[in-house]
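Based on these hints, arrange chain U on the given structure of chain D.
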Amino acid sequence: MEATDENKNRTTGEAPAEIERLKEELRREHEMYLRALADFDNYRRRVARERLNTVRSGKREIVLPLLDVLDGFDLALAHMGDAPASVTEGLEALRRKLLGLLEAQGISPIVSLGETFNPELHDAVGTVESETFESGAVAEEVQRGYRWGDDVLRPTRVRVAR
Amino acid sequence: MAKAVGIDLGTTNSVVAVMEGGQPTVIINSEGSRLTPSVVAFTKTGERLVGQIAKRQAVLNPENTIYSAKRFIGRRFSEVQSEIKNVPYKVVAGPNDAVRFEMMGKQYAPEEISAQVLRKLADDAAKYLGEKVTDAVITVPAYFNDAQRQATKDAGKIAGLNVLRIINEPTAASLAYGLDKKKNETIMVFDLGGGTFDVSILDVGDGVFEVRATSGDTHLGGDDFDKRLVDWLAEEFRRQQGIDLRKDRQALQRLTEAAEKAKIELSSALETTISLPFVTADATGPKHLEMKLTRAKFDQLTADLVERCVGPVKQALSDAKISERDIDEVILVGGSTRTPAVQSLVRRLTGGKEPNQSVNPDEVVAVGAAIQAAVLAGEVKNVVLLDVTPLSLGVETLGGVMTKLIERNTTIPVRKSEIFSTAEDNQAAVDIHVLQGERELARDNRTLGNFRLEGIRPAPRGAAQIEVTFDIDANGILTVTAKDKQSGKEQRITISGSTQLSKEEIDRMVADAQAHSVEDRKRREEVEARNNADSMAYQVERQIRELGDRVPLNEKARAEQLIADIRELVKNNSSDVARLRQLTSDLQQIASGLASAAYSQASSGAQGGRPGGTPPGGGDDVIDAEFKET
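In the order they appear, the protein sequences are chains D and U. Each residue of the first sequence is one higher than the one before, starting from 1 at the first, in the numbering used here. Each residue of the second sequence is one higher than the one before, starting from 1 at the first, in the numbering used here.
Worth flagging that the hints you see were computed from the coordinates, not collected in a lab. These numbers were taken from a predicted model, which means no experiment stands behind them. Glycine included, C-beta positions come from ideal geometry on N, C-alpha and C. One thing to keep in mind: the hints can contain errors.
In silico negatives: residues of chain D with every beta carbon more than 12 Å from chain U [unchecked claim]:
#1 PRO16
#2 LEU66
#3 GLU89
Listed below are the simulated DMTMM-like cross-link pairs for lysine to aspartate or glutamate, each with C-alpha atoms no more than 20 Å apart in a straight line [unchecked claim]:
#4 U:LYS292 with D:ASP68
#5 U:LYS297 with U:GLU271
#6 U:LYS183 with U:ASP326
#7 U:LYS127 with D:ASP151
#8 U:LYS287 with D:ASP71
#9 U:LYS127 with D:ASP39
#10 U:LYS106 with U:GLU63
#11 U:LYS127 with D:ASP150
#12 U:LYS261 with D:ASP71
#13 U:LYS127 with D:ASP41
#14 U:LYS522 with U:ASP576
#15 U:LYS261 with D:ASP68
Only chain D is shown next, with the shape it has when bound in the complex (with noise of 0.2 Å):
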């Protein structure tokens, strides 16, 4: 008997604290599913607004690469001077191909002479003296640039009138 109520005093004046214990312990489990259900919620999110620049951020790995092979055409051609119109023609060609292949995957070059300087599709390597074009427009394009679908892929480098 004695026991007993020894044990029952004991359990009455721990209860108290102990429920309280688990309170704060339950409190605490329950943020944490919640923080991790808010964290999942997010992620899944991120992930299909993700999931098409992840196919892109892959295919930008070779895209860009190719946009320097573009550029040598773009060099070439500019320089063709005394080639046989033949040779221009093929060269053209070829540049017509690569670039009708980057189109089909939604690239298209930036159209910039003539622009006002926006430094979203530009990026200035310097100056020059124009008379064709106002001050602070693009007067020469020194490597074109190239979106992708309504991102900028690579600015065009530019001089800008002064």
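Chain U in isolation, oriented as in the chain D frame:
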């Protein structure tokens, strides 16, 4: 719940990272890059540009484009005279000898400029995370004095951030490697960035870092390596072609880019080719630059730059009053530490110690800051470290193969179930053999337990539906339940400790599976070929029985011959996969012939309204595997 981010506010570039689900993630900015240039510009139209965009217009607007603000933050005007010479924008003295940038008649404190960078990073982080970012930990070099730290903190405040703490860059790097858990170690952090070199010696104990010494070179970095390469390329080209490419701004730009690319390539390759077609032209026509560069040549060109790191390292060691042997850990920070010559120098200076470099050296400081931010925001404490199952779990199915229900490295808690069936007619019980491991055959894997589900309703083989469920709770306790869907009879086993294998044991089992993967796959194929052949034999046998005398005699004879052949092969555990597959497909053809013959006979009314044969597979498409009565 707002997230706390970690920000590495660098001299040239800045990085922001955040802890997500217990893992640090570097945030991609709105331009799609992990690095954001620490550049701020004010345009003539009153626009404020930050990052890559600001950098793109720098040549047009040099006096209103601020970079390297970190070199000025928290310093007195009288202290920064030599820095002023290196920048094109106007630096003036403000009140109390403070540094001010003057742009379009207005003065800006360096902390206001840094605040713009911090604001952009926080905004990009918020966009990425889809929630507001208010709290941040920002890093500063270990040698920053109180005024510089306070000014950095103020920059955070101006940016609208609650700066949880300013921590040292080398401390952040150490945190990224979890070195705070080490007891009484000495760490050397070797940080060679784009334009600055810092070396720090830290002591760690009880999770507290103490900076014992710092040294460095405020004007040494990757850009110097690039410049060396550009000069060499230009010089070589001039010797061959007589044209100095450095005088042509566009050619110089292409050359600089190509040099940086070559430098990066030489970190992994021993040789690279620098190719710049049509780089310039003269009266004789276009000129191309095409040069091979070996790593040895690159090392030779940059040897003195690498050597310039030696002095500060020795200085730091002597200031800390220790020798190279006292260093327990070495951490590499900054993109330039990817250069092999720099790495071997670090090894040489630290007594051959292998440096920590598994975390991207451009991002390691931000990652450490993110970890610190999460700890201070109380996230890490609360984050349950989610465990994974170290090995795959599954059951043994017909022919002694292991059918996996849970693949290795699945995050727990997890629950997966699959429906199996019986391998014999009227099979009354199935044995569930619970397995762990990566091998294809049951006998090569570890047995976690066995149990038997009895009282299955009598049914033809393949008709019973036994649902097997694997459930691992957060404590790694596995419960396997088997349930007969028809009778509702259920049996289960609970296995604890399925995740408590030693790392060596796990590694051994995984390595074993890899080593045997070819033969295992072959043996599994054999088992599957036998199972498929046997199952086809069974179906056709049943079909013939059900169709009775409607089966043409010659068809029946052929089918019976094929079935006999299959039975013989199965009995002898034949490994002749090709023959088993051939027999199975021959039999399959007969089966479909029989089915359509019976169907047309039935529909022509010759045999009245009797139902046609059961289609192969018993019309049950849920069978993934079958248990064998043992």
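Do the hints match the structure? See the list:
Separation of PRO16 of chain D from chain U is adequate, the least Cβ-Cβ distance of about 25 Å exceeding the 12 Å criterion. Even its closest Cβ contact with chain U, about 15 Å, leaves LEU66 of chain D beyond 12 Å, as expected for a residue assigned away from the interface. Here GLU89 of chain D stays apart from chain U, with its beta-carbon at least about 19 Å from theirs, past the 12 Å limit. As the CA atoms of LYS292 of chain U and ASP68 of chain D are separated by approximately 19 Å, the hinted pair is consistent with the 20 Å bound.
A C-alpha spacing of about 9 Å is found between LYS297 of chain U and GLU271 of chain U, which places the hinted pair at or below 20 Å, so the restraint holds. At roughly 14 Å between alpha-carbon atoms, LYS183 of chain U and ASP326 of chain U fall within 20 Å of each other, so this suggested pair holds. The suggested pairing of LYS127 of chain U with ASP151 of chain D holds, with an alpha-carbon distance near 17 Å, which does not exceed 20 Å. Using a Cα cut-off of 20 Å, the hinted pair LYS287 of chain U and ASP71 of chain D holds, with the two alpha carbons roughly 15 Å apart.
Using a Cα cut-off of 20 Å, the hinted pair LYS127 of chain U and ASP39 of chain D holds, with the two alpha carbons roughly 15 Å apart. Restraint check: the Cα-Cα separation between LYS106 of chain U and GLU63 of chain U comes to about 12 Å, which is no more than 20 Å; the hinted pair holds. In summary, the hint linking LYS127 of chain U to ASP150 of chain D is supported, as the alpha carbons are separated by about 18 Å, within the 20 Å threshold. Taking the CA atoms of LYS261 of chain U and ASP71 of chain D, the gap is about 17 Å. The hint holds against a cut of 20 Å.
Between LYS127 of chain U and ASP41 of chain D, the direct Cα distance comes to roughly 15 Å. Compliance with the 20 Å bound is thereby established for this hinted pair. Between LYS522 of chain U and ASP576 of chain U, the direct Cα distance comes to roughly 11 Å. Compliance with the 20 Å bound is thereby established for this hinted pair. Restraint check for LYS261 of chain U and ASP68 of chain D: the C-alpha separation of about 13 Å stays at or below 20 Å, so the hint holds.
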